[in-house]
Amino acid sequence: MLIHALKQIGRLSLEILSSMGRALRLLSSALIRRPDHRNIPLVIRQIYQLGVLSILIIVCSGFAIGAVLALQGYTQLVRVGSESALGLGVALVLVMEIGPVVSALLFAGRAGSAVTAEIGLMKATEQLASMEMIGVDPITRIIAPRFWGGFIVLPLLALMFSVVGIWAGSLVAVDWLGVYSGSFWSVMEQGVNFFDHVIKGIIKSIVFGFVVIWISLYQGYDSLPTSEGLSTATTNTVVFSSVWILVLDFFLTLMMFEL
Amino acid sequence: MTRNSIVFDNVSYNFGKKEIFKKLSFEVPAGQTVGIMGPSGTGKTTLLRLIGGQIQPDNGTILVEGKDLKKIKRTELFELRKCLGMLFQSGALFSDLTVFENVAFPLKEHTKLNGEMIRYLVLIKLNSVGLRGAAHLFPRELSGGMQRRVALARAMALDPKLIMYDEPFTGLDPIALGVISNLIKDVGSVYECTNVIVSHDIEETARISNLLYVLSEGEIIGQGSPQDLKKDDSPRLKQFLNGLPDGPVPFHYPAPEYMDSLIGMKNTERAIIKRGD
Numbered sequence: 342m343l344i345h346a347l348k349q350i351g352r353l354s355l356e357i358l359s360s361m362g363r364a365l366r367l368l369s370s371a372l373i374r375r376p377d378h379r380n381i382p383l384v385i386r387q388i389y390q391l392g393v394l395s396i397l398i399i400v401c402s403g404f405a406i407g408a409v410l411a412l413q414g415y416t417q418l419v420r421v422g423s424e425s426a427l428g429l430g431v432a433l434v435l436v437m438e439i440g441p442v443v444s445a446l447l448f449a450g451r452a453g454s455a456v457t458a459e460i461g462l463m464k465a466t467e468q469l470a471s472m473e474m475i476g477v478d479p480i481t482r483i484i485a486p487r488f489w490g491g492f493i494v495l496p497l498l499a500l501m502f503s504v505v506g507i508w509a510g511s512l513v514a515v516d517w518l519g520v521y522s523g524s525f526w527s528v529m530e531q532g533v534n535f536f537d538h539v540i541k542g543i544i545k546s547i548v549f550g551f552v553v554i555w556i557s558l559y560q561g562y563d564s565l566p567t568s569e570g571l572s573t574a575t576t577n578t579v580v581f582s583s584v585w586i587l588v589l590d591f592f593l594t595l596m597m598f599e600l
Numbered sequence: 005m006t007r008n009s010i011v012f013d014n015v016s017y018n019f020g021k022k023e024i025f026k027k028l029s030f031e032v033p034a035g036q037t038v039g040i041m042g043p044s045g046t047g048k049t050t051l052l053r054l055i056g057g058q059i060q061p062d063n064g065t066i067l068v069e070g071k072d073l074k075k076i077k078r079t080e081l082f083e084l085r086k087c088l089g090m091l092f093q094s095g096a097l098f099s100d101l102t103v104f105e106n107v108a109f110p111l112k113e114h115t116k117l118n119g120e121m122i123r124y125l126v127l128i129k130l131n132s133v134g135l136r137g138a139a140h141l142f143p144r145e146l147s148g149g150m151q152r153r154v155a156l157a158r159a160m161a162l163d164p165k166l167i168m169y170d171e172p173f174t175g176l177d178p179i180a181l182g183v184i185s186n187l188i189k190d191v192g193s194v195y196e197c198t199n200v201i202v203s204h205d206i207e208e209t210a211r212i213s214n215l216l217y218v219l220s221e222g223e224i225i226g227q228g229s230p231q232d233l234k235k236d237d238s239p240r241l242k243q244f245l246n247g248l249p250d251g252p253v254p255f256h257y258p259a260p261e262y263m264d265s266l267i268g269m270k271n272t273e274r275a276i277i278k279r280g281d
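Chain order of the listed sequences is A and B. All residue numbers for the first sequence refer to our numbering, where the first residue is 342 and numbers rise by one. All residue numbers for the second sequence refer to our numbering, where the first residue is 5 and numbers rise by one.
Because the hints were derived from the structure by calculation, they are not lab data. Built from N, CA and C at the ideal position, the CB exists for glycine as well. One or more hints might be untrue.
Claimed, not checked - Pairs of lysine to any residue residues, derived as SDA-like cross-links and limited to a Cα-Cα distance of at most 20 angstroms, are as follows:
1) 77/B x 367/A
2) 112/B x 381/A
3) 22/B x 59/B
Said to hold, decoys possible - Which chain A residues face chain B? A few, computed with CB under 10 angstroms, are given here:
4) 379
5) 381
6) 383
7) 384
8) 385
9) 451
10) 455
11) 458
12) 462
13) 466
14) 471
15) 563
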């Protein structure tokens with residue numbers, strides 16, 4: 342019984358290590374390959390596919406979360422007569438925390454899963470193999486443009502999320518709940534520091550973008566060429582990305598905000 | 005001395021615990037049409053993947069156009085593949101590109117031809133497989149047989165030195181079958197291209213091949229011209245060529261005795277039946 346359990350643990354450990362090795366190999370291959378100027382249109386196409394097509398969900402979610410933050414914040418701050426600090430609270434929470442995290446989670450669900458499914462299906466239908474046989478490296482042609490596309494767009498989406506959220510917060514606080522507009526914006530302007538807060542939020546979203554697109558590409562490229570394999574890979578993308586975003590968020594916060 | 009396009013020297017390949025090839029040795033002379041036949045599951049597609057360098061043998065040497073696939077770098081392998089063409093069993097067309105774009109893909113990637121020249125070449129290739137009129141369609145709008153014809157046009161796009169065909173005759177109607185098999189033969193003779201055809205279709209493969217190899221259980225059980233093979237008295241070869249179920253070539257995948265399987269049901273099998281899978 343004990344030997345059986347040890348065997349299982351050993352097998353699982355080997356599988357995890359081998360999977361990590363394959364993921365690192367894929368990443369290094371995508372990064373090391375000599376950049377080809379002909380791939381620039383492919384990267385632009387991926388920026389459209391992964392970024393522009395995600396704008397609607399990012400804007401809607403940013404708006405809803407910004408409005409809810411303003412409502413929740415107001416109900417607490419008004420009790421102590423500090424509703425003028427509402428703008429600052431909404432902006433800091435969005436820029437440093439919720440913007441990067443929620444936009445990365447949404448990105449994993451919409452764009453990451455799509456990348457995994459697309460590459461997994463290309464593998465299952467031998468499109469990657471046929472590309473190899475034509476003498477075109479799928480790492481350069483398929484993997485690298487998606488990697489750079491995803492890496493570039495997530496910080497931009499996170500910024501967009503925060504901006505829309507702050508705007509929604511101002512609509513709720515100023516236009517609906519009657520918080521004085523001057524104090525809402527001026528307290529925010531005084532309290533939010535570009536280098537201390539905005540840049541750190543952007544760094545978070547750069548790290549999340551790197552991790553999410555890496556997981557998405559690896560899960561698709563390494564998926565079993567079956568319907569079940571594809572379904573597992575897509576689920577893994579969303580689950581692993583979400584867990585890694587939250588874990589990394591904790592450590593990044595710990596490191597960057599000197600707690 | 006005849007130049008060989010492909011040389012297999014004592015090649016062994018295992019898939020998991022299953023031995024696919026046991027010290028396989030054979031040559032494919034340049035400019036010839038060579039048919040490789042054998043029962044299902046004997047590793048014919050694996051053989052093509054080995055030739056294309058998509059998988060590596062466990063032992064032995066494979067030379068393709070004089071290059072040792074084990075020794076060349078990845079960049080050299082991709083360079084070598086520019087002079088190879090392969091028709092996949094499934095067609096493997098790029099699903100987000102039209103028929104025209106699929107055939108133009110290798111030309112755009114590997115040549116510096118202008119758009120007009122690429123258009124001419126694509127239309128010539130598509131015309132040869134009878135699908136010039138389908139140039140604007142996407143692969144999903146074509147039947148399986150038509151997809152394979154487009155894939156054939158794509159495989160021939162760069163006029164490669166060596167073309168590998170994985171079951172090129174499957175799913176074709178009699179007219180398309182005749183046209184495609186003649187096209188393969190013509191490509192070989194006109195362009196002095198080496199053709200390697202993997203197929204179950206004994207009649208059609210024998211008709212257009214100069215040399216045939218018959219594979220079974222990881223080894224070559226017969227080789228020679230189609231006429232030589234017909235005269236061969238080997239029981240394994242006769243069984244395959246005549247399509248007989250009983251003989252030295254097993255029809256069944258390795259399994260326990262039939263009655264034992266029926267009577268002695270294993271727990272795992274019982275669980276599967278209970279689940280209704």
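Status of each hint after checking the structure:
1. 77/B x 367/A: holds (17 angstroms)
2. 112/B x 381/A: Measuring from Cα to Cα gives roughly 15 angstroms; hence the hint holds.
3. 22/B x 59/B: holds (15 angstroms)
4. 379: Since the shortest Cβ distance to chain B is 8 angstroms, the answer is holds.
5. 381: Violated - the Cβ of residue 381/A stays beyond 10 angstroms from chain B, reaching only about 15 angstroms at its closest.
6. 383: Status violated, d = 12 angstroms.
7. 384: violated (16 angstroms)
8. 385: violated (16 angstroms)
9. 451: violated (19 angstroms)
10. 455: Since the shortest Cβ distance to chain B is 13 angstroms, the answer is violated.
11. 458: violated (13 angstroms)
12. 462: holds (8 angstroms)
13. 466: holds (6 angstroms)
14. 471: For residue 471/A, the interface hint holds, since the closest Cβ of chain B sits about 4 angstroms away, which is under 10 angstroms.
15. 563: Status violated, d = 16 angstroms.
Consistency with the previously given hints fails for numbers 5, 6, 7, 8, 9, 10, 11, 15, ordered from lowest to highest.
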